[in-house]
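Asks: Each chain, written out:
There are 2 protein chains.
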Amino acid sequence: MKKYRILITNDDSVEAPGIRKLIALMRQLGDVIVMAPDKPQSGMGHAITVSSPLRMRLLHKEHGYEEYSCSGTPVDCIKIAEKTVIKGKPDLIVSGINHGSNASINVVYSGTIAAAIEGCIEGINSIGFSLDDYSWSADFSHVDEYILKICREVLEKGLPKDTCLNVNIPAQNGSPVKGMMLCRQARASWVESFDARKDPHNKDYYWLTGVFHSDDLAEDTDQWALKNNFVAIVPLHFDLTAHHHLKTLHTYDWKI
Amino acid sequence: MKKYRILITNDDSVEAPGIRKLIALMRQLGDVIVMAPDKPQSGMGHAITVSSPLRMRLLHKEHGYEEYSCSGTPVDCIKIAEKTVIKGKPDLIVSGINHGSNASINVVYSGTIAAAIEGCIEGINSIGFSLDDYSWSADFSHVDEYILKICREVLEKGLPKDTCLNVNIPAQNGSPVKGMMLCRQARASWVESFDARKDPHNKDYYWLTGVFHSDDLAEDTDQWALKNNFVAIVPLHFDLTAHHHLKTLHTYDWKI
Numbered sequence: 001m002k003k004y005r006i007l008i009t010n011d012d013s014v015e016a017p018g019i020r021k022l023i024a025l026m027r028q029l030g031d032v033i034v035m036a037p038d039k040p041q042s043g044m045g046h047a048i049t050v051s052s053p054l055r056m057r058l059l060h061k062e063h064g065y066e067e068y069s070c071s072g073t074p075v076d077c078i079k080i081a082e083k084t085v086i087k088g089k090p091d092l093i094v095s096g097i098n099h100g101s102n103a104s105i106n107v108v109y110s111g112t113i114a115a116a117i118e119g120c121i122e123g124i125n126s127i128g129f130s131l132d133d134y135s136w137s138a139d140f141s142h143v144d145e146y147i148l149k150i151c152r153e154v155l156e157k158g159l160p161k162d163t164c165l166n167v168n169i170p171a172q173n174g175s176p177v178k179g180m181m182l183c184r185q186a187r188a189s190w191v192e193s194f195d196a197r198k199d200p201h202n203k204d205y206y207w208l209t210g211v212f213h214s215d216d217l218a219e220d221t222d223q224w225a226l227k228n229n230f231v232a233i234v235p236l237h238f239d240l241t242a243h244h245h246l247k248t249l250h251t252y253d254w255k256i
Numbered sequence: 001m002k003k004y005r006i007l008i009t010n011d012d013s014v015e016a017p018g019i020r021k022l023i024a025l026m027r028q029l030g031d032v033i034v035m036a037p038d039k040p041q042s043g044m045g046h047a048i049t050v051s052s053p054l055r056m057r058l059l060h061k062e063h064g065y066e067e068y069s070c071s072g073t074p075v076d077c078i079k080i081a082e083k084t085v086i087k088g089k090p091d092l093i094v095s096g097i098n099h100g101s102n103a104s105i106n107v108v109y110s111g112t113i114a115a116a117i118e119g120c121i122e123g124i125n126s127i128g129f130s131l132d133d134y135s136w137s138a139d140f141s142h143v144d145e146y147i148l149k150i151c152r153e154v155l156e157k158g159l160p161k162d163t164c165l166n167v168n169i170p171a172q173n174g175s176p177v178k179g180m181m182l183c184r185q186a187r188a189s190w191v192e193s194f195d196a197r198k199d200p201h202n203k204d205y206y207w208l209t210g211v212f213h214s215d216d217l218a219e220d221t222d223q224w225a226l227k228n229n230f231v232a233i234v235p236l237h238f239d240l241t242a243h244h245h246l247k248t249l250h251t252y253d254w255k256i
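Residue numbers (this note's numbering), protein chains in the order written: chain Y, 1 to 256; chain A, 1 to 256.
Hints are not guaranteed to be accurate.
Claimed, not checked - Covered by chain Y, per the in silico footprint, the following chain A stretches (three or more residues, Cβ under 8 Å):
#, region
1, 43-50
2, 140-154
3, 194-203
4, 234-242
It is worth saying that the hints were derived from the structure and are not from the lab.
Just so we're clear, the structure is a prediction, and the values are computed from it rather than from any experiment.
Using N, Cα and C, we set each Cβ at its ideal position, and we do this for glycine too.
Hey, can you work out the whole structure from these sequences and the hints?
Replies: Encoded structure:
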């Protein structure tokens with residue numbers, strides 16, 4: 001049997017319980033290299049570090065397992081692991097398990113998902129995993145069979161070209177998960193507000209806060225799946241072209 | 001005639017020549033609010049600031065014009081401008097003019113384009129503008145008529161739902177621009193390398209560098225348009241679902 005090489009990252013930092021769980025699971029499937037941020041990098045989207053250098057630290061090394069932290073973003077982690085540690089392409093990239101849902105519009109803001117998309121851009125089978133529970137002490141006890149099944153299926157069959165998976169798992173709520181469901185990304189947005197405060201020097205500062213809002217109630221979305229206790233699997237791509245609107249836009253006047 | 005309200009941001013910082021040009025142009029079309037990063041934020045993708053507070057500074061105010069800098073990312077700038085300054089939705093968001101192309105895969109990494117996508121998520125007509133010239137002293141003298149034409153067309157007709165525009169303008173090269181072209185995002189990636197160095201304390205650090213690579217030579221892409229001296233207009237959306245691969249993925253075994 002082929003020995004798989006699996007690269008793991010996340011955005012909650014190398015110390016997060018979610019990535020520790022993912023490491024334990026992936027070690028059942030192959031050799032593992034971990035390259036994860038040395039501090040939380042939530043909400044970093046597809047950010048890369050271009051104006052300052054990166055640092056890397058070897059935290060642990062044994063046969064079939066290497067663990068590093070990196071000062072950069074999740075996308076930086078993918079790039080630096082490939083180029084300086086693996087010096088080639090792993091068979092699989094997994095990112096997470098994120099503490100908190102990355103369903104719907106959250107894909108756009110998520111460093112965890114950006115890392116999977118980055119792998120996909122580079123032609124590597126990549127999957128982002130998230131649990132619909134923001135707590136640091138979230139219960140990950142029900143996730144094993146779903147994550148292992150998805151990874152085995154992807155390692156065996158490969159993903160379609162230029163496609164990665166965004167997998168969201170319902171929070172542990174006492175009821176058994178009903179199964180896995182292929183979905184599309186629900187249409188939603190965050191309705192933000194800014195909490196304005198004064199610092200001790202009487203200067204203004206602002207905290208970003210927000211409430212998730214969706215009026216996309218269709219039954220083929222990741223939001224619907226999560227709400228109904230299914231594991232939601234959304235295939236993602238990185239062609240942001242709104243192909244379906246090219247025709248309409250051709251009716252506009254673009255002549256000078 | 002309706003007086004338009006236009007919000008401007010970028011990722012090269014409020015001091016960049018590109019945004020100064022865009023401000024001058026937009027003041028011909030309506031009232032302008034600028035909320036731009038107080039330092040360069042290139043490569044920030046769709047990052048938002050969740051773990052630290054934001055600062056904002058009023059730099060200039062006169063009738064029909066307000067200019068602020070913000071300590072956050074381009075996406076933060078859009079959010080904070082809407083919620084704390086405009087307290088509503090502007091008629092148009094423009095981001096840029098970026099120093100350097102945001103064609104092809106660069107949309108994924110660009111803070112400039114992320115700001116336009118953020119506006120789009122919030123239902124506002126939004127456009128990202130970039131010049132295919134990375135220099136701080138880039139020549140913007142040929143861009144006026146294209147930017148004004150596109151903005152007038154969008155203000156008049158509106159954009160299709162959940163769509164924004166990614167506009168890339170050829171560098172000034174002595175030849176007249178041939179016109180404007182609606183395109184799709186070219187398939188490409190960056191081939192990275194890391195420049196490993198030792199700091200004065202003999203510790204390793206790494207600079208991310210990369211070379212743009214595309215083998216998508218079709219004539220309907222933004223890369224082709226730029227290379228052939230056309231202004232490239234790509235409509236973007238934020239549904240990352242790879243709808244065209246859902247069918248294939250239904251043939252995989254997702255049963256536990």
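Asks: State for each hint whether it applies.
Replies: Here is how each hint holds up against the structure:
no. : hint    : verdict
1   : 43-50   : holds (count 8)
2   : 140-154 : holds (count 5)
3   : 194-203 : holds (count 4)
4   : 234-242 : holds (count 9)
In summary, this structure violates none of the numbered hints.
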